[in-house]
Amino acid sequence: MPETITYSQRLHMRLQLADYLIILVYFIFVIGVGFLIKKKIKSSNDFLTSNRSIPLWITSLAFISANLGAQEVIGMVASGAKYGIMTVHFYWVGAIFAMVFLGVFMMPFYYGSRARSVPEYLSLRFDEKTRGLNAISFAVMTVFSSGISLYALAKLMETILHWDFDISIWISAGIVMVYTFLGGLTSAVYNEVLQFFLIVLGLSPLVVISLQDAGGWENIKALLQPEMTHAWKYMGNANDNPMGLHFMSLIFGLGFVMSFGYWCTDFLVVQRAMIARNMGDAQRTPIIAAIPKMLMPLIVVLPGLIAITLMQPALLSKGYRIPSTADGELDYTMTLPSLIAHYYPTGILGVGITALIASFMSGMAGNVTAFNSVFTFDIYQSYFVKNKSDRHYLLVGKGITVIGILISIATAYIAKSFNNINDFLQLVFGFVNGPLFATFLLGMFWKRTTGHGAFWGLVAGTLAAAITHGVTVAEGKGGWIAGLYTIKSGMGQAFIVAAVSWIVNFFTTIAVSLVTKPKPDEELRGLVYSLTEKPKYHQQKWYLRVVPLGILLLAITLVLNIIFF
Amino acid sequence: MLKKLNDLQFVIGLFFTIVSLILLFNVLLGNNSASPLNTYTGGGFLVFGLAMMLIRGRRR
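Quick note, the sequences are listed as chains A and B, same order.
Mapping of the first sequence onto the numbering used here: position 125 corresponds to residue 125, and the numbering continues sequentially without gaps.
Mapping of the second sequence onto the numbering used here: position 5 corresponds to residue 5, and the numbering continues sequentially without gaps.
The following block holds chain A by itself, in its conformation from the complex (with noise of 0.2 Å):
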């Protein structure tokens, strides 16, 4: 058994001048990318919506980096060292099918109806009280889950460079609001850009230095057991593998439910491809972000396979260790910056923290500009102050943006103060996210469908989330109404969850929109596909249009999952 090894014997950073330079140069840009923006906004339009006007390769990368907050960069590495290679599936099988699903066959919907967001597109396919559900509950979603992230920076800061819980807090919010007040949308899409370069370029050396110090990618297979280093061989059986899953949950709970109710209709990235340039960029952007997407377990799945084959016998020697708590418990979040504390010396350490602090700062951003927008145009304008001048909605989003700041910030310090407040904050959004596709596969696709059904739909969807929850425990958690079943991983109760909550929301809604007046074909066109001119793509060479190069995504996808079989 490792040694028990405290945070602070471990994690402890000592940054010097080098490393305080390079975190200062990055603030001075994020909040200068603000400044010089700024001038750009004139309306309502460019602060929340950047009026449409922004290029591909921006779209795309900001797609990708709205996903790689903090929670995705050191949770996927940790689960990377807790469940090995199996983590992959979250890309492989849990992103690339449902963001070509998106390019190919929703985008047309999202853009061609000119929704400003989300909700708003279920105003026009269904009604009010469907956009009014889905516009509160994501807005409740993205303003805590922006405080979960900011608790999460501070506690990491403080952690791992002895920062003050209170500075980490209000520098980062205040960053963070400064340069989304200044220039909305497109100041934090373009920083989640420079983000992205820096996450990726920032970890890069780490996964090189300690892939080598580990022996490679063949000494980490002769090392580990094999169901750590097999994507899918151990699958068959749930009691085989780490994540203790069937692959038949993996697919449709993760595969399906789960990630086409993210990728597909949470307003937080599909934000990024609604502010393209045309329709062909809109289509283009997901499929585009999905190559980066694809690549990602280079950087943040394969840490955790190295650190904990450098933990195995044969490697003792080069001294790295997941850190452990007080029971003597591995703490597999601290995986992350504990292989930067080991590997990176000063300078490049500056780096590391740096895409740290970029990783939690754009999870930041993105949160509160999808909220501002929602809760600008979808709750105030239209349900509290309709018709008033652009101006007015312009000053509603910047002061919403600094309430929805301070609302974090204030989520932030109840997490302090009660630790579960984070899991059931969890709990909630997936009770919330589990059903959703099904409302939106429906609308698109299945012209009868109503605004009744849609609402219904999702209702009984969340609570049948709630109550298998409540039936079903899984490491202790759950079974808050009786504990009829034990599943073995938390994960696979929440793949559960969400498949059952799906179907719920599946069949609610067809059984209550067959009993409900539909809506007249006129008012569904370019809502539903079997009303909606088709985008054509002929006169485009081949590498730009959207089914052969998602065919081709798909395919490579394919192969990544044959080679690590």
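Treat the hints as calculated values from the structure; they're not laboratory data.
Fair warning: there could be bad hints in the mix.
Result set (EDC-like, lysine to aspartate or glutamate): computed pairs, CA atoms no more than 20 Å apart in a straight line [to be verified]:
{"no.": "1", "chain 1": "A", "residue 1": "Lys39", "chain 2": "B", "residue 2": "Asp7"}
{"no.": "2", "chain 1": "A", "residue 1": "Lys416", "chain 2": "A", "residue 2": "Asp166"}
{"no.": "3", "chain 1": "A", "residue 1": "Lys447", "chain 2": "A", "residue 2": "Glu523"}
{"no.": "4", "chain 1": "A", "residue 1": "Lys534", "chain 2": "A", "residue 2": "Asp521"}
{"no.": "5", "chain 1": "A", "residue 1": "Lys221", "chain 2": "A", "residue 2": "Asp240"}
{"no.": "6", "chain 1": "A", "residue 1": "Lys386", "chain 2": "A", "residue 2": "Asp127"}
{"no.": "7", "chain 1": "A", "residue 1": "Lys447", "chain 2": "A", "residue 2": "Glu522"}
{"no.": "8", "chain 1": "A", "residue 1": "Lys39", "chain 2": "A", "residue 2": "Asp390"}
{"no.": "9", "chain 1": "A", "residue 1": "Lys40", "chain 2": "B", "residue 2": "Asp7"}
{"no.": "10", "chain 1": "A", "residue 1": "Lys42", "chain 2": "B", "residue 2": "Asp7"}
{"no.": "11", "chain 1": "A", "residue 1": "Lys38", "chain 2": "B", "residue 2": "Asp7"}
{"no.": "12", "chain 1": "A", "residue 1": "Lys447", "chain 2": "A", "residue 2": "Glu533"}
It should be emphasised that the depicted structure is a prediction, and the values quoted were computed from it without experimental measurement.
With the hints as your guide, set chain B onto chain A.
Here is chain B on its own, set in the frame of chain A:
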């Protein structure tokens, strides 16, 4: 120069160029000179940063 700052590609290139110079100066000043990591990373960032700035300039 001010106009170029409106160009995101130029801004990203400038950022990585400055960071690379900090890393390389750190090596030149003798801090962590034993570690080649700063040198290689600094060199890599410099090439990337300059390429981002210059390629954009040529295209214009």
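Violated hints - listed by number, lowest first: none
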